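Peer 1: Based on these hints, arrange chains B, C, D and E on the given structure of chain A.
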Amino acid sequence: MPKLIKKRSRKAGLPPGTLIHIGEKKVEELKITVINYDETHFQEREIKTIEECFVYKDKPTVTWINIDGLHQVEILEKLGNCYELHPLVLEDILNTDQRPKMEDYGEYIYIVLIMLNYSDTDKGIVTEQVSLILGPNFVFSFQEKEGDVFNPVRERIRNSKGRIRRMGADYLAYALLDSIVDNYFIILEKFGEKIEFLEEELVSQPKPETLQTIHHLKKEMIFLRKAVWPLREVISGLERGESSLIKQGTGIYLRDVYDHTVQVIDTIETYRDMLSGMLDIYLSSVSNRLNAVMKVLTVIATIFMPLTFLAGIYGMNFKYMPELDWRWGYPVIWLIMIGIGVFMLVYFRKKKWL
Amino acid sequence: MPKLIKKRSRKAGLPPGTLIHIGEKKVEELKITVINYDETHFQEREIKTIEECFVYKDKPTVTWINIDGLHQVEILEKLGNCYELHPLVLEDILNTDQRPKMEDYGEYIYIVLIMLNYSDTDKGIVTEQVSLILGPNFVFSFQEKEGDVFNPVRERIRNSKGRIRRMGADYLAYALLDSIVDNYFIILEKFGEKIEFLEEELVSQPKPETLQTIHHLKKEMIFLRKAVWPLREVISGLERGESSLIKQGTGIYLRDVYDHTVQVIDTIETYRDMLSGMLDIYLSSVSNRLNAVMKVLTVIATIFMPLTFLAGIYGMNFKYMPELDWRWGYPVIWLIMIGIGVFMLVYFRKKKWL
Amino acid sequence: MPKLIKKRSRKAGLPPGTLIHIGEKKVEELKITVINYDETHFQEREIKTIEECFVYKDKPTVTWINIDGLHQVEILEKLGNCYELHPLVLEDILNTDQRPKMEDYGEYIYIVLIMLNYSDTDKGIVTEQVSLILGPNFVFSFQEKEGDVFNPVRERIRNSKGRIRRMGADYLAYALLDSIVDNYFIILEKFGEKIEFLEEELVSQPKPETLQTIHHLKKEMIFLRKAVWPLREVISGLERGESSLIKQGTGIYLRDVYDHTVQVIDTIETYRDMLSGMLDIYLSSVSNRLNAVMKVLTVIATIFMPLTFLAGIYGMNFKYMPELDWRWGYPVIWLIMIGIGVFMLVYFRKKKWL
Amino acid sequence: MPKLIKKRSRKAGLPPGTLIHIGEKKVEELKITVINYDETHFQEREIKTIEECFVYKDKPTVTWINIDGLHQVEILEKLGNCYELHPLVLEDILNTDQRPKMEDYGEYIYIVLIMLNYSDTDKGIVTEQVSLILGPNFVFSFQEKEGDVFNPVRERIRNSKGRIRRMGADYLAYALLDSIVDNYFIILEKFGEKIEFLEEELVSQPKPETLQTIHHLKKEMIFLRKAVWPLREVISGLERGESSLIKQGTGIYLRDVYDHTVQVIDTIETYRDMLSGMLDIYLSSVSNRLNAVMKVLTVIATIFMPLTFLAGIYGMNFKYMPELDWRWGYPVIWLIMIGIGVFMLVYFRKKKWL
Amino acid sequence: MPKLIKKRSRKAGLPPGTLIHIGEKKVEELKITVINYDETHFQEREIKTIEECFVYKDKPTVTWINIDGLHQVEILEKLGNCYELHPLVLEDILNTDQRPKMEDYGEYIYIVLIMLNYSDTDKGIVTEQVSLILGPNFVFSFQEKEGDVFNPVRERIRNSKGRIRRMGADYLAYALLDSIVDNYFIILEKFGEKIEFLEEELVSQPKPETLQTIHHLKKEMIFLRKAVWPLREVISGLERGESSLIKQGTGIYLRDVYDHTVQVIDTIETYRDMLSGMLDIYLSSVSNRLNAVMKVLTVIATIFMPLTFLAGIYGMNFKYMPELDWRWGYPVIWLIMIGIGVFMLVYFRKKKWL
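Chains as they are written, first to last, in my numbering: chain A, 16 to 369; chain B, 16 to 369; chain C, 16 to 369; chain D, 16 to 369; chain E, 16 to 369.
Rather than coming from a laboratory, the hints here were simulated on the basis of the structure.
Note that this is a predicted model, so its numbers are computed, not measured.
Be aware that a few hints might be false.
No copy labels: a pair is met if it fits in one copy or bridges any two.
No more than 30 angstroms apart at the CA atoms, straight line, and that leaves these computed lysine-lysine pairs for BS3-like [as the list claims (entries may be wrong)]:
1) K334 - K262
2) K74 - K138
3) K93 - K262
4) K160 - K365
5) K46 - K138
6) K366 - K334
7) K138 - K222
8) K209 - K367
9) K205 - K241
10) K138 - K367
11) K72 - K138
12) K365 - K209
13) K222 - K205
14) K63 - K241
15) K209 - K74
16) K116 - K205
17) K209 - K366
18) K176 - K93
19) K63 - K366
20) K234 - K334
21) K74 - K116
22) K241 - K138
23) K116 - K93
Next up, chain A with everything else stripped away, as it sits in the complex (with noise of 0.2 angstroms):
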């Protein structure tokens, strides 16, 4: 579970466009691999100085720059003024606790995304800020820490599977995000299998620890929430078309990923739903328990009560007592005893407390 907030207070009242990591450094060295291709051509290297990638600047090949890592603010400072990036960008990629969001510059247009993975350490949801700029012949990518989801598109590109290596930087940017998007649907079966799971615990065996779980599955829903929501504002911006940067032929398929990202919206607003009905039986459970524990101790004391005050009573010192001195007393006052003890059994089976 990601923390709430990030610490943005060493940030205020420093002057916009001030670039300072938030967030915590996920990763010791940092990493730049450079991909360029075009229909018949393709390079992928890793390269050690930024410089190096400045050189695509003008090509007309498709060049994706994907740096890991993000503690070092000088080479962003210089991919920028290479590029001509505002520095109000620069900074919103060194923040890492955005809300996902959309922003047509003209020359690039800006998408902030949050890529999740599920980890099995943690038991939850790990959180990672990507930073996308779609230019007219290149996309960069920006990672808080090594290990993506962009792997199977690395794929594509390199054996040139699909129509990856025919379109423009474009449709590169909209793979980028459907490899997101399409994470999430694994995160959410990951939640749905631990809410079917949960779901039989609380029928068969209702705990304590079942509240708990399904307070931390409730929590990480709003946290999902919180990162999808936006998502969909972002996408149906990018497919409205308004920018020359997104071709006619890109906008089918965003309208797909548009499409995958309600019904992510979808699931987990299905999930929430039934997260509540699970508190509400698991709280009405302790009712029912309440009540059988309660009706233990009544059938006990409405019992034994009873025969106790009748055995008190020829428990009495007065010398005047004739049942005492009865032959049959004693085997009487038994028979009476189990007659009560009976009488309180059937009466309470009947009242179905038994």
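Peer 2: Below, chains B, C, D and E without anything else, positioned relative to chain A:
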């Protein structure tokens, strides 16, 4: 109750338009039926290879091709090539976890619907995705398995009942839509009966299982809602009549289906409200029963504790206890005890605890 | 309380425009009355065959044909043929589970309304669908059974009271609408009284039946809401005056009905809010009573348990128990016991438990 | 607390424009006052017959006619005839259960408002409908009874304070509106104090009456909301300035009232949220107290039940019970009992029950 | 925690534009500071009389006049006269209970904001209304008391850091807005920490005070929301750039602040959701503890009641009770009692009550 989410993970990362069937294989054998008709002529046959239906492509008559089973991807591919369907459409047909949507590709309109059936064996909803493709002179329908709600439409075509034979492919698409929406009413009737039955049970004799049933129905309502809600948009999109594929005269019929859809949604909302109300009733009936149990316990304890105490007093072994030697001590103590008991009973009756 | 849903299943799959009456047959004999009037002339009669009213078709006077009972489908068919009504309109007249709607067919406007009555025998709402067809010089009204809220309108026509005789068919349609909405206020008054009565009961003496009543009222509010909410759209659709059938001067009256409808909806929402509040009050009064019961039990147990224990001590049969032989042992133990009891009572009073 | 709904039933079915006063007669004697002014001239008088004010109709000065009491329908009729008011306006003035609305009749604007007063005797809101008619050179105000919030406006006119004497009738209407909205703040202050007082009580010493008060305040908030919410639309309708009756310069003042109205609505929503939160607190404090009570009971029972059992053991009359004959049996049993008691107390203290 | 509502009552009925300070006087001495700058020149001074700053009116440089303290109404009046501010603006500056708003008066834009501070002494939010007036070459800021979040902006102007000295008055206004919104993040960080701490406490050891804290935080969230929500509209109003006072280049910065505001609102909503979840957890933990207490009571009662009854039996004084004379009667009864006790314990362990 259908699964919450289908395994999309095996698709993640593949290029868009990759044809992979999402969802379980529900039928062994693919079945293709063709119905070809105009006002004077009618033909119906089952075919083995998809190529057989390409002959209908340029005929002026209306052709309805229905395919049950989605696991043979190559058949879809051939059909797509012949009729120039967009790869994303073919992909969506195979992804059987879509939310209802309508996409206008100019040459044809693609519609995704969810067909519901009430299964008496599972005591719940069975769901099946139906894809419709409406072209100028054809309608394709894709189902996951055999068995559907379209038989009355087939009958009407066969017997030339109503205006269906006189109208075009758009009217046929409407008729299929209408069958699916009509079927929702039947599902809702079933639920309506269940809810009314449950409500009576709730008043007469609430049980822990009642809660389970309420919870289960609520979940099915969430599911239904998710399936029907987007349909509104789909049909109003068709009705707005921006596509030339929908002729003037069909609009009025679509408005009719639209009204039905709104009525279905209204009813689902009403059911949800009612189920929420029933949950409140259930929970408070649990509290009421706890109250009743505790009153019994309190009455018993309040009557017998003082009496047992009194008996305990005269069971003490002090040497100088004058009462013990009184001639009428024993009867008097009985009278006092009975007096206390009667007083308590009267008191509790006045307090309305008995 | 009307049924949640009417059996539509017997209609599923039939071609649109098939005339089948949905809903129970509520009247034995169909009754057709015709009122024909203009400023100077007035005629009212009951007719046996529908053909008799075809003579009014081309007269310049306003004709109001009211039909009570919907089970004779052929009468509707003949009327439909004569006045060229769309088959879907005829179908909708017979489907008595419509939500209120307005459809402009150019030549005529079709309006569906729900007429409510408060039945003193059933202690609840009785519902009846009313269909209105407004043409250039006629209004048709279709009701499920005899008895309606239109008598004041009839009186005004007969006695030429108000402006009704001077105005056209659109004003007549308005007058009928207005009668139905006015009647909602009477229903709401009944509920208002019930809710105020219930609220007093809730404060003075809540009973488990109170909960049932709250639940019942909530359900009727859900029902009312469903019936009235779409009416807003219907009337604002009429008022917007896009149809040439609604004359300029009638618009202002429709705005008046519109205001009334909004007021009805407002009041329903207020009632719903109040009933929710009352449910909270009820539930917490249950908790409060449980608290009271438990306090009684605890007080009794806390006082008598130590005393009984003490009595038990001196009921032991040890040989060497010096207190037993003391001259004042018995009175002293009484004093100690009374002391403990008084102390407990004072303690509980200080804790505000008594 | 005003009645939920006023008796409209006696009006049902009457033709529109029928003048019948809905609501209780709140004043014995009708009172008509006229204020007539321009920048240099001022006249104020109370008149007996409505005809006296017809002389002001064509004067260029601003005329404000205020009528307290609505039960003399003929006065309204005469005024309506003279100033050509629409019958529906007259009808609405008499129906004192309107929701706030604004209707532009071209020649004049009709505004309905709800004037609230806090009555210290009833400890609640007192409501009164105020109707304003704004014409080119006149404002009519209709109130149900004497006493209003307009005195400061009267003072300002009399003393020529502020710009009121320099401005036209539209500014006067604004000033009246402003007085009514300003008064809402005073009502809200009262409620704010009540809520803060209640909150302190809730923390220090919650009582069942606290719940009643929360419920009562919630109901008054529902009522307030219903009265103020539509006002927003009314004022923004006036401000949009589509009527020529509202001069340019007044728009900015209306925007000011609009802001105040939004602030009132905001505050009402905040109060509602807070009262909901207080209800939660109350309910959980009830649960907490139940817990405390049950702990006392459990501690007492857990200590004394084993002890009483032990005492019961040595009260048995078996012949061969060696302990009974031991010299130190009695003191030893006391020690054991005290030991058990102390152990229990320590145990419960460790469990934080004491 | 600020007061819910400020005393507006003393203003009710006064003509609009009357200058009366609403809210408590928070500062003894009024303090006026002037900062005057352009790209090359900078001047900062504290002045005594407001007239001293009139000299800046027609200078081309940017003038920022900051006034701390609002109780000296005449100073505001003089400033208003000199810069021709509308009386309603002056009135609004003094009414320190405004909701954030933006009003475009053509010559200048009036903005109201709420500046928040977290007070460590009060453990809560401290609120202060800030009014900004943005003219072509000036910004006025009005604060209720000394101390603000603008120091970083002052530093940047003094040291000519960033672009602030090169830009106009609109950029200065943006910078002030930005400081205030940045400060919201710091407030939210504090609350985020509190909520996380509370959540841990809730899991490990819930106390009645936990509930109070949750309630308190919820209230502060309601307050925060009320303060921040309207800000969105304010900034988007500025950003839409309809005023000529906002230059092209500043729009992009305003979009940045807008994004931050949306993020703040998002976070507040997330916190509210989480606090609601925590309330549920708390309430159910109370129920769980009640369950635990009741189980202890029931176990104790169920074990000792039958045993005490048995002991009572053999404490009876019947003459003929053969068991009493048996040699091994006493040990046997002990064995039976121990057997019953062990059986009960095993039974409860199996039922998972122990």
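Peer 1: Now tell me if each hint is right for this structure.
Peer 2: Here's how the hints hold up against the structure:
1. For a Cα distance limit of 30 angstroms, the shortest separation of K334 from K262 qualifies neither inside one copy, at 111 angstroms, nor across copies, at 106 angstroms.
2. In the homo-oligomer, the alpha carbons of K74 and K138 never lie at most 30 angstroms apart, since the shortest distance is 45 angstroms inside one protomer and 59 angstroms across protomers.
3. For a Cα distance limit of 30 angstroms, the shortest separation of K93 from K262 qualifies both inside one copy, at 29 angstroms, and across copies, at 28 angstroms.
4. For a Cα distance limit of 30 angstroms, the shortest separation of K160 from K365 qualifies neither inside one copy, at 68 angstroms, nor across copies, at 48 angstroms.
5. Proximity of K46 to K138 under the C-alpha cut-off of 30 angstroms is restricted to the intra-copy arrangement: shortest distance 28 angstroms within a copy versus 44 angstroms between copies.
6. Taking the shortest Cα distances, K366 and K334 never come within 30 angstroms of each other, neither inside one copy (42 angstroms) nor across copies (39 angstroms).
7. Taking the shortest alpha-carbon separations for K138 and K222, both the intra-copy value of 19 angstroms and the inter-copy value of 28 angstroms come in at or below 30 angstroms.
8. In this assembly of identical chains, the alpha carbons of K209 and K367 lie at most 30 angstroms apart only when taken from different copies (25 angstroms versus 36 angstroms within one copy).
9. For the homomeric pair K205 and K241, the shortest alpha-carbon distances inside one copy (18 angstroms) and between copies (20 angstroms) are both at most 30 angstroms.
10. In this homomeric assembly, K138 and K367 come within 30 angstroms of each other (Cα to Cα) only across copies, at 28 angstroms, whereas the closest approach inside a single copy is 44 angstroms.
11. Taking the shortest alpha-carbon separations for K72 and K138, neither the intra-copy value of 42 angstroms nor the inter-copy value of 54 angstroms comes in at or below 30 angstroms.
12. For the homomeric pair K365 and K209, the shortest alpha-carbon distance between copies (28 angstroms) is at most 30 angstroms, but the shortest distance inside one copy (41 angstroms) is not.
13. For the identical chains of this complex, K222 and K205 are intra-copy neighbours only, at 22 angstroms inside a copy versus 33 angstroms across copies, given an alpha-carbon limit of 30 angstroms.
14. Taking identical chains as interchangeable, the C-alpha atoms of K63 and K241 are never at most 30 angstroms apart, the minima being 36 angstroms within one chain and 50 angstroms between chains.
15. Taking the shortest alpha-carbon separations for K209 and K74, neither the intra-copy value of 49 angstroms nor the inter-copy value of 53 angstroms comes in at or below 30 angstroms.
16. Taking identical chains as interchangeable, the C-alpha atoms of K116 and K205 lie at most 30 angstroms apart whether they share a chain (26 angstroms) or sit on different chains (26 angstroms).
17. Only between protomers do K209 and K366 lie at most 30 angstroms apart by alpha-carbon distance; the minimum there is 27 angstroms, versus 39 angstroms within a single protomer.
18. For the homomeric pair K176 and K93, the shortest alpha-carbon distance between copies (20 angstroms) is at most 30 angstroms, but the shortest distance inside one copy (34 angstroms) is not.
19. For the identical chains of this complex, K63 and K366 are neighbours neither inside a copy (81 angstroms) nor across copies (62 angstroms), given an alpha-carbon limit of 30 angstroms.
20. In this assembly of identical chains, K234 and K334 lie within 30 angstroms of each other by CA distance neither inside one copy nor across copies; the values are 73 angstroms within and 69 angstroms between.
21. In this assembly of identical chains, K74 and K116 lie within 30 angstroms of each other by CA distance solely inside one copy; the values are 29 angstroms within and 41 angstroms between copies.
22. Taking the closest pair of Cα atoms, K241 and K138 come within 30 angstroms of each other both inside a single copy (19 angstroms) and across two copies (28 angstroms).
23. Proximity of K116 and K93 under a CA criterion of 30 angstroms is satisfied intra-copy only: 24 angstroms inside one chain copy versus 40 angstroms between copies.
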